[in-house]
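Participant: From first to last, the protein sequence lines are chains A and B.
Our numbering applies: residue 308 is where the first sequence begins, and numbers increase by one.
Our numbering applies: residue 22 is where the second sequence begins, and numbers increase by one.
To be clear, the hints were calculated from the coordinates, so they are not data collected in a lab.
Take these hints with a grain of salt, some might be off.
What the hints assert, rightly or not - Partial list, derived from the structure: chain B residues whose beta carbon lies under 10 angstroms from chain A:
1. Gln23
2. Val146
3. Gly158
4. Gly168
5. Val173
6. Ala213
7. Asn224
8. Val228
9. Thr256
10. Ile281
Think of the CB as a built atom: it goes at the ideal place given N, C-alpha and C, for glycine as much as any other residue.
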Amino acid sequence: MNQYPLWKNLLVLTVVLLGGLFALPNLFDQDPSMEISAQRDAVIDQATQSRIEQALQPAGVVAKGMVIKNQKMLIRFKSSEDQLKAMDLIAAELGDNYTPALTLSPDLPDWLSGLGAEPMYLGLDLRGGIHVLIDVDMESAIEQAAERYSSDIRTLLREKKLRYIRISRENDQVLVKFNNAEKRDQAAEAIGNEFRSLNLQSLDEAEAFLVRASLSPAEKQEVQKFALQQNITTLRNRVNALGIAEPLIQQQGVRRIVVQLPGAQDPAKLKEILGATATLEYRLADTEHSVEDAVNGRVPPGSNLYHERDGQPVLLKKRVIVTGNQIVDASSGLDQRSGQPAVFVSLDGVGAKRMRRMTNENVGKPMAVVFIENRVTTRMVDGKPVKVKKKVEEVISIANILEPFGRRFQTTGLDSTEEARDLALLLRAGALAAPIEIVEERTIGPSLGQDSIDQGFLSVMIGLALVMVFMAFYYRVFGLVADLALMMNLVLIVAILSMLQATLTLPGIAGIVLTVGMAVDANVLIFQRIREEIANGNSPQASIQAGYEKAFSTIIDANITTLIAAVVLFSFGTGPIKGFAVTLAIGILTSMFTAIVGTRAVINLIYGHRRVKALAV
Amino acid sequence: MQIINKGTHYDLMGKRSLALVFSGVLLLIALAAIIVRGLNFGIDFTGGTLVEVGYPQAVELSVVRDALNQDGFGDAVIQHFGTPRDVLVRLAPRDDMESAVLSDRAFSAMKGIDPGADLRRVEFVGPQVGDELTEDGGLAMLYALIGILIYVGLRFEYRFAVGSVIAIVHDVLITIGFFALFQVDFDLPVLAAVLAVIGYSLNDTIVVFDRIRENFRKMRKGEAIGIINTSVNQTLSRTLITSGTTLLVLFALFLFGGEIIHGFALALIVGVVVGTYSSIYVASSSVISMGVSRADLMPVQKEDGGQDEMP
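With the hints as extra help, turn the sequences into a complete structure.
Facilitator: Shown next as structure tokens:
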């Protein structure tokens, strides 16, 4: 007699129920919603909620639900019309310190969301959005560090009154040249004491005594780590300011950053903001020398030649008053006198002090605002990637200092209110510690994402139907039991994907389709064995027993090898491919359970407790 | 219902020299195609920019070409994708523009034709990323093979491990050769499919090997070749049925899964067909050629304990 012990039947029942429960959220509709996050020191609380309610009320927009979670507020609406109307109202009511973002959220009953059940997490290729892989230019980061050291060494040598001939930087090294060996040795000692992370080397060349300082490997690593972390922080600030729900910003490897922005619509704009290195510098204009001479190649030492946006040449002092790094806050608006777009800037303590001193000493003289932007591109030259760097420096405004100022002031001269807004956003988010370059982009429009979901669903259903019909014809009652297991398998895959919140991608759906085809393999193996046993003249009950038993080790061996392939795929794969590996692996595991334990439980129920003359297999 | 009648006993292994010739010819064609024609690598591997745009109405390619020409995208490759309303454009890198903004400019040019144009997809892969991917893909295949070699070697015997790896290499080469011969785009999903073919091909092979091992232990008489032939016959209907159901779902995927998944489904269809054939012929005849005997497969103490237990 074929009977499962009670605990095994209960196990199957429990798995089936839990699977059904956790797969359930995927059946519910998604509500158009809005996620509101607070910027800087703003808070989200009950007061914010009532402000929003009051702002929505006059327009007749009713929120379906409002929840505050993790310092974010989620508001659900009945229609996307309401959602868009509310977007404008809420943005106007809450102002700059809050960022509303459009999103979707499932309309789950409370008891279900209370269990922590969620629908599957769809990848960008299904929900639409932008995926970019950003490469941080570590060589530049290290060069910048070397540059900082060279200026620190200059200051140190001046303080210690050690005369040098020249300090120069070559890639990641700083070279200091001296008249004689004695000075050089003193300096080397001073530098060594002050900067322990530098490797020093003394060189004697013809008539020249040199110290070569280079960054130690540990220091280089530290610089790179810092550059990466700082860039991630800056990118996160920028993305948050843009108002995108559920952004993902993550380190990948030692020099790359992945940014995923689901549902984002305007890739051109986003890439501009992400990659932008725009910042400002404030310099005094050089009025003592002639601009014409400089244009003809005689630039005075102490000054540099710049151009205004209309191409007009300007001569500016080399010394910078304040850089973008000293800006702690910025917002955009209109200049009250001229009505031009303006950026309102606040400086940190050091910057404010410098600005006050400089403007005090130079009232009536012109000061210039320089707009700086770095661009990096990789090009293939003779089959090898070569990085091309371009620095854009434009004078956006030049005006006489009317009165001394310090911490807060405004800058005009920008082309449009939009440019002012973007610049304010960039200044606020902080500068990138090292230049970045977008090395990969995958943007999926929302229409394609939805098409992929629909087509994927359709192929799963058609594939499932075909296999089920075949199995029912071929193995009759046993085939129907296998069909039941196959459906259960699908439910379990969906449930596990939902529980793990693993990303479902289009190749992931393909993996599910493939699993449907391969999942019946275990049952085919078992049923063929049962047929063989019957053909060998064994009794029906003994045949069932022997069929399951003999097929078991074959099934395990066959599935483990496929699992090995899935694991390799997972460890090598990028986003979409990982999705395929995940569904394939989950499918293999669940199908072993449903096809072996699941079908056996049902077969036992049908045949186990009675005398059987013939099996419908 | 039966695909193969009970008691059928084809002399499958007797025709293995014929199969050897057949496999040899297929492999030669595949290798020649890979070497001479090469694979039509997608931008995932070569690097480049690809833009897919959906128009509200069918659009002539010449109109799109003119619009792109005007904006300096003279060397863009333009084609319909799936429907006459969808247009796929491949862009070459340009000196006067950052690669990351190429797609934006091309899309605005294409939007000039019809403001209702919808940006369906942008893929931009920098050259360094493409190179890394090619390298990683090759390594992944190697790791998968090594992992399988070890597992099969431990579970069975080294000759079986070698036999299954020969079958895998056979299947993978022919699948890739198919893509080279017909110049079908070889992109990242296709590579994933090829890796899945490794898993599938093996799955089939293992089932046959399992039966061979079992029969060697059970049948005390008979030549190795005869036992292997019986084993392949006994597993034949299972092999055909499982391949059949897998092909059913793959055709569903190929026909209804959308353009993006086409190459993926195609690679698996080719892989499953070849894999079915190779699990019958290639894997088993390799084992015969390496001279496996009963003594090699007698149960080792260690194995007796774990394997034939009840589920």
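Participant: Against this structure, judge whether each hint is valid.
Facilitator: Taking the hints in turn, this is what the structure says about them:
no.: 1; hint: Gln23; result: holds (9 angstroms)
no.: 2; hint: Val146; result: holds (5 angstroms)
no.: 3; hint: Gly158; result: holds (7 angstroms)
no.: 4; hint: Gly168; result: holds (5 angstroms)
no.: 5; hint: Val173; result: holds (7 angstroms)
no.: 6; hint: Ala213; result: holds (5 angstroms)
no.: 7; hint: Asn224; result: holds (5 angstroms)
no.: 8; hint: Val228; result: holds (5 angstroms)
no.: 9; hint: Thr256; result: holds (8 angstroms)
no.: 10; hint: Ile281; result: holds (6 angstroms)
Violated hints: none; the structure is consistent with every hint.
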